[in-house]
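Protein sequence lines, in the order shown, are assigned to chains A and B. Residue numbers 1 to 192, in our numbering, belong to the letters of the first sequence in order. Residue numbers 1001 to 1356, in our numbering, belong to the letters of the second sequence in order.
Derived by calculation from the structure, the hints in this document are not laboratory data. You may find that some hints are simply not true.
[As the list claims (entries may be wrong)] No farther apart than 27 Å at their CA atoms in a straight line, the calculated lysine-lysine pairs in the DSS-like style are these:
1. K1147/B to K1218/B
2. K1278/B to K181/A
3. K1278/B to K1218/B
4. K1031/B to K1081/B
5. K1147/B to K185/A
6. K185/A to K1352/B
7. K181/A to K1081/B
8. K1147/B to K1215/B
9. K86/A to K39/A
10. K185/A to K39/A
11. K181/A to K39/A
12. K1215/B to K1278/B
[As the list claims (entries may be wrong)] Restraint-style ranges between C-beta atoms, simulated for each label pair:
13. A1326/B to L96/A: 56 to 62 Å
14. D1178/B to D158/A: 49 to 55 Å
15. S1139/B to I111/A: 48 to 54 Å
16. E138/A to A1104/B: 45 to 51 Å
17. P1338/B to S67/A: 54 to 60 Å
18. T1129/B to T156/A: 24 to 30 Å
Heads up, the beta-carbon is just placed ideally off N, CA and C, and yes, glycines get one too.
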Amino acid sequence: MRSRLYDHRRFPLFVLTVATLIIYAFAVGCGGSSDSTYKDINWQLTLVGDEEVVLNFSEILDMTSYSGTSGFFTSVGIVNGPFDIKGVPLLDLCDLVGGVNQSEYVRISAIDNYSMVFSYDQMNGDFITYNTSLHEVENEGIVLVLMYEMDGVPLTQDLGSPLRIALVGDNVLTEGHNWVKWINKLEILSFD
Amino acid sequence: MSMVTNRRILTALIVALLLMPLLNSGCSNTKTPLPVIVAGSFMGPMEDLEARFEELHPDIDVQIEGHGSIQVIRQVTELEKEADVLIVADHSLIPMMMYNTTIAGSDEPYADWYLSFATNSLGLAYTNTSAYAGEINESNWYEILTKPDVAVGIADARIDSCGYRAFMTCQLAESCYDNASIFERLFGDSFTWPITVSVEDGIQTIHVPEILEPKGDKLALRGNSVWLLFLLDSGEIDYAFEYRSVAEQLGYSFLELPPEIDLSSENYSESYGSVRVKMDFQRFGSVQPEFTGEPIIYGVTIPNNAPHPNIAAEFVNFLISAQGQAILAEDDQPPISPARADNPDALPDELKELLQ
Chain A
1 MRSRLYDHRR FPLFVLTVAT LIIYAFAVGC GGSSDSTYKD INWQLTLVGD
51 EEVVLNFSEI LDMTSYSGTS GFFTSVGIVN GPFDIKGVPL LDLCDLVGGV
101 NQSEYVRISA IDNYSMVFSY DQMNGDFITY NTSLHEVENE GIVLVLMYEM
151 DGVPLTQDLG SPLRIALVGD NVLTEGHNWV KWINKLEILS FD
Chain B
1001 MSMVTNRRIL TALIVALLLM PLLNSGCSNT KTPLPVIVAG SFMGPMEDLE
1051 ARFEELHPDI DVQIEGHGSI QVIRQVTELE KEADVLIVAD HSLIPMMMYN
1101 TTIAGSDEPY ADWYLSFATN SLGLAYTNTS AYAGEINESN WYEILTKPDV
1151 AVGIADARID SCGYRAFMTC QLAESCYDNA SIFERLFGDS FTWPITVSVE
1201 DGIQTIHVPE ILEPKGDKLA LRGNSVWLLF LLDSGEIDYA FEYRSVAEQL
1251 GYSFLELPPE IDLSSENYSE SYGSVRVKMD FQRFGSVQPE FTGEPIIYGV
1301 TIPNNAPHPN IAAEFVNFLI SAQGQAILAE DDQPPISPAR ADNPDALPDE
1351 LKELLQ
């Protein structure tokens, strides 16, 4: 008796079914992450401090990563996250160009000409944090991270691919205007 | 089970699987979507307008998205999002950001008209447990705010228009009350890197440094004025500079300030214009961070690349109609009646008829 699985009359239907399932999985975004996805990213991040350094995406991936869970809310109170976040601490990036001190601050810029600035205290974690009811809560310090992965997958274009600021704490929320998307420049600036 | 039956089952399965992504993407909704992007301070009236408009047009699904006013326009002009209607809390942003910016791949600007349709005013939100709540009035508010046991909240002027408008109000107060020390007493020693005021040719310019960081507990700073209201609830601050519509929609006590300083009245346009806020921080590459005092006027437009321009015109028509204006008034958002067009010739025909 011939196996049903290999019945040649049914085989085209079986193949079609499997193909359809695969197409569906990709259509709803179940493709998952892979190293090849990261390898396809052609991006440069310019760091300006005591000197200027340009990193490509793979050099950022090679740095020691930092992970945590945090989210943000928009100016009209829509909560996004919390997400599982992975990236590189901004202070580590600053250290590559001489570090940041108390008389300095950091400006982050993006390809859409949006920018945000962070004081020395903010670079060291001093932010107002909120719970999911948007009430202020205590936290033990936020880590400013250059995020490249959210919930285990690379960022999508809409979410700020390939590099976005994230304020990572212990499952807390912060104001969304700090979560700058599409970052291509970090500058250490002085008030002097 | 016969082979024919098996094939029918498999065919049905395949068809169902092929349809699933379409169902997931919302194609089962037969209503026509009408994306409307609005300023955060207009969210309250907008939700009421949406509900009434959808009652009148059950085949339309008004989809509201809220942002700060500059971000409202950027969604269309820089981030290439499709929207049918844009509503901003500062009408001057529409010509500034849309009239000279062309739609990608064409010579057509993103917009060439807007309607001024509502106003607002700036004042102080507080609660009945705020310090000196029983004493504060429009004559002594700046004295109350400078008392050592009173904490005050203000929105970050670099992020929220309510913040830089609060600075304008406090600077205008100096001439209104004939007291040249009000701004200095309120903010002079409140920030790590100070805010300064210079005067040239009769224009008082408030300079805001790139980093705005409060010192001590006397002054609280938040990215959006609405978040200050939580601090009123918890008693961490006693007063917050806020728009009247927002404070009253959310049930807070609101101290109205004199029209000479509350940025509500076109009768004082000239004196409002004697104050300017200039920021070292340029958040958006496309917007110079310099703002001149003027009455708070809300503007609405339909982008020239709107996906549903006819339905959008119907919505704007409703917004400026007697019915729409009644909704605004109920939400403490004073309507401008009739609405005014800056460029009447460019209006869609449906709106021209209503304004005639």
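Going down the list of hints, with the structure as the test:
no.: 1; hint: K1147/B to K1218/B; result: holds (10 Å)
no.: 2; hint: K1278/B to K181/A; result: holds (26 Å)
no.: 3; hint: K1278/B to K1218/B; result: holds (24 Å)
no.: 4; hint: K1031/B to K1081/B; result: holds (20 Å)
no.: 5; hint: K1147/B to K185/A; result: violated (43 Å)
no.: 6; hint: K185/A to K1352/B; result: violated (47 Å)
no.: 7; hint: K181/A to K1081/B; result: holds (16 Å)
no.: 8; hint: K1147/B to K1215/B; result: holds (16 Å)
no.: 9; hint: K86/A to K39/A; result: holds (17 Å)
no.: 10; hint: K185/A to K39/A; result: holds (21 Å)
no.: 11; hint: K181/A to K39/A; result: holds (20 Å)
no.: 12; hint: K1215/B to K1278/B; result: holds (21 Å)
no.: 13; hint: A1326/B to L96/A: 56 to 62 Å; result: holds (60 Å)
no.: 14; hint: D1178/B to D158/A: 49 to 55 Å; result: holds (53 Å)
no.: 15; hint: S1139/B to I111/A: 48 to 54 Å; result: holds (51 Å)
no.: 16; hint: E138/A to A1104/B: 45 to 51 Å; result: holds (46 Å)
no.: 17; hint: P1338/B to S67/A: 54 to 60 Å; result: holds (57 Å)
no.: 18; hint: T1129/B to T156/A: 24 to 30 Å; result: violated (46 Å)
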